[in-house]
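As they're listed, the protein sequences go chains A and B.
Quick note: the first sequence, position 296, residue 296 per my numbering, numbers continuous.
Quick note: the second sequence, position 384, residue 1384 per my numbering, numbers continuous.
Honestly, the hints are just simulated from the structure, not real lab data.
Ideal Cβ placement from N, Cα and C applies to all residues, glycine included.
Be aware that one or more of the hints could be misleading.
Unchecked claim - Derived, one-sided and incomplete: chain B residues facing chain A with beta-carbon distance under 7 Å:
| id | residue |
| --- | --- |
| 1 | GLY1097 |
| 2 | ALA1186 |
| 3 | ASP1330 |
| 4 | GLN1635 |
| 5 | THR1639 |
| 6 | LEU1646 |
| 7 | SER1651 |
| 8 | PHE1653 |
| 9 | GLU1656 |
| 10 | THR1728 |
| 11 | ALA1729 |
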Amino acid sequence: MTEVPAFSRRNFLKSASCGFGYMALAGLATQDSQASNYQNPLAPRAPHFTPRAKRVIFLCMRGGPTHVDTFDYKPALIRDHGRTVSVSGGIRGNGRALLKSPWKFNPSGQSGLPISELFPHLSRNADDMCLLNSMNTSVPNHPQSFLMMHTGEFRFTRPSMGAWILYGMGSENQNLPGYITISPPSELGGAQNYGNGFLPASFQGARIGEQGTAVANARVGNLASPLTQSMQRRQLDLLQNMNNDLLQRTQVNQDIEGVINSYELGFRMQESLPNLMDISRETQRTKDMYGIGGGPTDDFGRQCLMARRFAEAGVRFIEICHNNNWDTHGGLTQRVPQLCRQIDQPMGALLTDLKQRGMLEDTLVMWGGEFGRTPHGQGPDGRDHNAAGFSMWVAGGGVKGGMRYGATDEHGIRAVENPMHHHDLHATILHLLGFDHQRLSYRYGGRDYTLTDIHGNVAREIMA
Amino acid sequence: MKSLLVASLALFVGSASVASVQAQPKAGKGMEFFEAKIRPVLVQQCYECHSAKSSKIKGGLLLDTKAGVLAGGDTGPVIVPGKPGESLLIKSLRHQGLKMPPKNQLHEGIIADFVEWIAMGAPDPREGAATKGYKTMTLAESKNFWAFQPVAKVAVPKTKNTTWARGPIDSLVLASMEAKGLTPSAEATREVLIRRVTFDLIGLPPTLEEIDAFVKDSSANAFEKVVDRLLASPHYGERWGRHWLDLARYAETNGNADNIPFPTAYRYRDYVINAFNTDKAYDRFITEQIAGDLLPIKDKKERDAALTATGFLALTSKPRAQNNPDYKHDLIADQIDVASRAVLAMSVMCARCHDHKFDPISTKEYYALAGIFDSSIMLFGNNAGKKGGKAFGYHELSDGGEAMGVRDAVNKVDCNVLIRGDAKSIGEKVTRGFPAVLKSPTEPTINRSQSGRLELAQWMTARDNPLTARVAANRIWQHLFGQGVVRSPDNFGSLGEKPTHPELLDHLTTRFLDNGWSHKKLIKEILLTKTYQQSSAHHDANYKTDPDSMYLWRMPVRRLEAEAIRDAVLAVSGKLNRTPMKGSMIGSAPAKKKAIGGAEESTHRGVYQAMLRGRPLPEILALFDIANPNLVVAQREVTTVPAQALFMMNSPFATEQAKYFAWRVLENKTLDEAGRVELAYRMALGRSATESERQRAIDFLQAARMSQGTVGSDVSPWIGFCQTLFATAEFRYLQ
């Protein structure tokens, strides 16, 4: 993939020395003093302090992944298999029997991080991973917690974390959306999960595809011109001439200049975005590494590879949503291996690939879902929702590898050591990106809002 | 903030700090003890919410100065020096009653340090007043705050230029211009003026016939005739009703966790459109929406309207009730929020959890209002999700239809204060009533056998309520000039903006009241001013002094709203369906929540397109910043992003409508190419093409034909040209 340089007016003037927009821009350049009033809302901005991470890739697992079968090793659960539990305080399944994981955990990497045997590929990256074993959230219901995970709130409409991050940092590449979400679900709060809430609309996530559709078939609307390229260039020259005339007439400046700019950028996005989404130019070796080429890993592999390409091109926040459902109330022994199989190789490839390219150090990769599942069984072969304790993991972006942060109790029911609520995760992500979560605020309706509201503790121990 | 950061780094977080603090030997008495044992814990565990630098100060309590500690918070003193047993702080640390810190109980060793410290008499070197670090307003101070002053009768100011002003509005604007050394602009051309006023009043471009008629009309009241025609148009309500729907967070699905449809919400939409078309007095309009069900009613039609109006309070996005002990109060908070911000431009909702620091609204006053809504039942409509067989109820209308809304509950109750908004921390009971900041001698007393919504509406719409009419007059100005006289149209409080022309605002408000709360009359008065009719032309000297035209030396150039851009495209292409939509695009959607996809678009006006929460809105509307239907929106965003450019260049909508537009242009077989270019310009932009524009267009068309090897009869170059007109900045900006 060719590197797309960050946009600057002068660069563009040079590179577009003929054709599209040239006349209009040449006209503009003569009145730079006024033109400079225009402020691109997506221009890169400096955070509060030196960031460890510059971008985020969030691997979103909807449905509530079972933590005791994946990343939270609980020997006592094996020992006490079959014992009934007594739980209260909103935790589901009082009186049900503990159900040991049907899968072994292997010490992985130099650090010996215990990871389920269901992740043979990913476990090779253990030394880059920090398991967050003390995650917890407020409500064991999908829609509320999915919104909580994405926006820090489920009662009211609030901006999504990606929107907050883009608002805080701006975008590194003006030819692309700064925030992309791939295959998001239409329920569980739908567009609110990548929405801008009360922030300006330029900070919302650009959606590619939708849950339930293979990402290979996903298209972004309005990128393909119905005209030939030369015709479109002619049309844009005419258009920019007209816009420039208006600018000269009214000298109103930043609004009209914004429109002129938006056409410049849009024109180039037509090229850059489909190119980035087109993974056919990747080597066969790369595609094999991600498990692309049919089979269970194809879809998530494509998502992961696209995520890497977007990250490389300077997209600030990329979320990819596993096109499946981790809500394993039943069929645990059959479904969990399938789910893990679909994502294991692609995730391992993503971490390895980022590392090889020197990008893992400033790219925060984050895995997880809205909550976890009960260590006690539900029916003969399932687990119920559990918001009191579950696991996520993070890698890269200035995070310590080969580490377990926090812990659930001996069976994995409840986070007991360094409990980390979704709010704390948000505070920590913002910190890694160089923001004090209490200061990254936006005034709306007479109040300064933040992603974490009155909550949020930064988990400094996980920082490298 | 820096100190917090340093302290946290030094101490670490959570259990690690507990261990380290406990492991240290007991320090000496007095200040040393404070420094060693107390200050670090305060900094680390408490300052987040209880210091001048907190982004939100909780419970009105500041623990970063000695004075703050001694002053206590919303629930009273937190320590009694020398008496740890009587100190709320110790009880809270032990999580007896209040729980502090809320998430983690501190180690008993630390609590013991606090007991010891208070027993010592709470020595504390942190002198200085408790500085809250933000602007606060007490009730007494609010008496002097501009927004709470009675609306003043304004004298017409004397101006140096004695010939320009046509009336008091012009004089007031001119006086403030002159004070800044600004001079007014010339009158806009008739072409510009009719385009401006037509979009402003009905959200559509003028037709060629309307333009010609106005340009040719030499009568003295030519413009007034245009204004009267537009105000009488049924499209006026579609335009101005939409402004209100933004405030009412109008939507046709619930959004949030359970995105169930509101198949009867459209009745509220139609009520609002109709209210504007009939110029319903604004005080009546508000009263119906707050308490339509409690009004004495003449006939069926009036009753239907009044019941439907209460949909205003029920159209909210409900959170899920399950696992949410705050559910009831979340709904109440939404009702208080929408009513206070839409009608009063006051943020009252903050007082749910703490006495409002910026504006003098106390938590007690919040719960006095909450009791009014707690004594009411929300009717979310019968179809709106029968969960567990329980319907949400609805108002039955005379035609057998249903409307969402509210009615009084069987039991009328006063609310208890919930300390810090926590449903489990129940405080004193508060009698239903109204905030003292807007106290009036004519204030109604709540009829205890009703909810109090009727009296709330009366209180809001009393002539001496200083906010309601001011807020409305300000919004009328805002929708005609792009910015209100107060540039924070949903916040007239201390965090809002001050009026740029305070006397003008009072004059407008007085005229609004004197004309019986009529929108149309005030709009007409404003439109007939010279101020409104100025051109947008540039003027060097004025621009240097006032680049944003805050003092209105020229007409600000404004981006059209999403609906106006969309409807204008359809109007120019000839495809706009100008009849009101009957019912809703989602009217037949099944109640099953998962059945909601994106709604189909129709060619009806934008205001009738389905507004679905949590689902993509019609693309062109979403791209051009339609109000988020989850939020109370007094002023829309104006963003300019590449996605808009891509939509105009490549979307099926843009190319399809450009094709219809091109066909219309080519329909006239008698015109030559130059004549057609002229026609296209007039249709799309409401003006003639300049000579150079005409030549450029002809060059474009010829080049397009050459590159495609096609002949003159081919439509495609024309489609490309017509699409370009839609895409221009001029098409979407109003001069």
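*Which of the listed hints are broken here?*
1, 2, 4, 8 and 9
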